[in-house]
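Work the whole structure out from these sequences, hints included.
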Amino acid sequence: EAGVAQSPRYKIIEKRQSVAFWCNPISGHATLYWYQQILGQGPKLLIQFQNNGVVDDSQLPKDRFSAERLKGVDSTLKIQPAKLEDSAVYLCASSVTGGNSPLHFGNGTRLTVT
Amino acid sequence: GDSVTQMEGPVTLSEEAFLTINCTYTATGYPSLFWYVQYPGEGLQLLLKATKADDKGSNKGFEATYRKETTSFHLEKGSVQVSDSAVYFCALLPFGNEKLTFGTGTRLTIIP
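Order-wise, the sequence lines are chains D and G.
1 is the number of the first residue of the first sequence in the working numbering; add one for each residue after it.
1 is the number of the first residue of the second sequence in the working numbering; add one for each residue after it.
Simulated from the structure, these hints should not be mistaken for laboratory data.
Think of the CB as a built atom: it goes at the ideal place given N, C-alpha and C, for glycine as much as any other residue.
Worth double-checking, as some hints may not be accurate.
[To be verified] Using 30 Å as the maximum straight-line C-alpha spacing, the simulated BS3-like pairs for lysine-lysine come out as follows:
#1 Lys-77(G) x Lys-44(D)
#2 Lys-83(D) x Lys-60(G)
#3 Lys-62(D) x Lys-11(D)
#4 Lys-77(G) x Lys-62(D)
[To be verified] FRET-style restraints, in silico, Cβ to Cβ:
#5 Phe-18(G) x Glu-14(D): 43 to 51 Å
#6 Gly-78(G) x Gln-50(D): 37 to 45 Å
#7 Lys-15(D) x Lys-68(G): 41 to 49 Å
#8 Glu-14(D) x Lys-68(G): 43 to 51 Å
#9 Tyr-39(G) x Glu-68(D): 41 to 49 Å
Here's what the structure looks like:
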């Protein structure tokens with residue numbers, strides 16, 4: 001089966017610019033996650049979708065980050081405006097139903113904010 | 001809150017050495033525990049898991065036992081290979097919750 005697809009693979013922007021990341025989960029996976037992985041730290045959940053509804057966005061900095069999954073399939077994560085501390089790898093993951101279902105991760109997008 | 005503490009790296013071992021990466025957790029109730037691995041240039045992959053006390057997860061020669069009395073889930077392998085070089089993450093999923101919490105990761109390098 002095809003894995004979780006993410007693009008772009010790398011992105012370099014200046015602070016205060018905006019950026020968007022795209023994720024296409026594994027076909028049939030209802031639950032989609034966006035994680036932020038800062039260098040030297042473990043991934044931190046930003047937002048979780050169940051189909052096209054938000055389940056948990058408690059750690060999403062909503063003043064600058066937004067995410068959507070309009071048709072319950074692929075998803076975009078946007079940062080506007082970016083700050084230096086947003087430099088990280090942004091990981092998308094999907095699972096069949098959430099809960100104890102294993103998460104399948106994409107290769108991530110490495111963002112550098114200068 | 002729930003948290004995972006991992007052995008700090010980096011860890012460098014010779015091929016065929018015995019590996020232990022320590023992981024302890026803090027959680028209420030009975031979480032599920034996981035080890036994920038991230039090979040260079042790739043995404044995170046589930047390595048093994050255990051969902052209740054005394055369960056042993058195993059995969060690719062790696063093992064970890066869920067120890068409730070010591071709140072630990074240490075990763076072990078009897079004889080490591082160069083291909084095991086990667087970053088290893090311990091993670092927990094609280095019971096009744098879908099929020100996976102990761103440790104900081106341990107970078108493992110195996111030299112021939």
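Now for the hints, and whether the structure bears them out:
no., hint, result
1, Lys-77(G) x Lys-44(D), "27 Å, holds"
2, Lys-83(D) x Lys-60(G), "40 Å, violated"
3, Lys-62(D) x Lys-11(D), "21 Å, holds"
4, Lys-77(G) x Lys-62(D), "42 Å, violated"
5, Phe-18(G) x Glu-14(D): 43 to 51 Å, "48 Å, holds"
6, Gly-78(G) x Gln-50(D): 37 to 45 Å, "40 Å, holds"
7, Lys-15(D) x Lys-68(G): 41 to 49 Å, "46 Å, holds"
8, Glu-14(D) x Lys-68(G): 43 to 51 Å, "49 Å, holds"
9, Tyr-39(G) x Glu-68(D): 41 to 49 Å, "31 Å, violated"
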